[in-house]
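Let's have the full structure, built from the sequences with the hints guiding it.
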Amino acid sequence: MKKMFRILTVTLAAAAMCVGIPDSGWAQGFGGGGPGNFEARLQAETDSMIALLKPTEEQAEAVKAILDARAAGLAEARPQRGAGRGGFQAAREKMVAVEEQTRVALTSLLSEEQLEAYNAYLERRRDRQRQRGRRQIQ
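Residue numbers (this note's numbering): 1 to 138.
Don't take every hint at face value.
With a Cα cut of at most 30 Å, we get these calculated DSS-like pairs of lysine-lysine [as the list claims (entries may be wrong)]:
id : residue 1 : residue 2
1  : Lys94     : Lys64
2  : Lys64     : Lys54
3  : Lys94     : Lys54
Simulated from the structure, these hints should not be mistaken for lab results.
Since we're looking at a predicted model, the values are computed, not measured.
Structural data, given as structure tokens:
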């Protein structure tokens, strides 16, 4: 009886870990990229980019709007469940386009020093992606 109870307990625990709790922060979000909520990661990246760029009062609203539009575009571009390989390739193309639009919009808005900081940030991100063996998204 004890053995049966242990087997049942282990089986239930394993099933619970496989299923996960939605939006718990422990379960890996669909699409990979590590643990956590995709939207929360996008918001954290937006916040860190704003801190890095240190926009002036005149730039602040426009920079925030551009970065929020980037986050919305990246979230919208995510592949849907069951999309298969073609869905992931299409999502990658959309994400590259969103990143390029963001780069163009920020280039016309930022000062030279801010642009250097932004380009250095993008290069560090590319390096991290290469180290993890991921394909590069500009």
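Consistency of the hints with the structure:
For the suggested pair Lys94 and Lys64, the alpha carbons sit about 21 Å apart, so the restraint of at most 30 Å is met. Taken as a hint, the Lys64 and Lys54 pair is honoured in the structure, with Cα atoms around 11 Å apart against an allowance of 30 Å. For the hint pairing Lys94 with Lys54, the CA-to-CA distance comes to about 28 Å; that is within 30 Å, so the pair holds.
In this structure, every one of the numbered hints holds.
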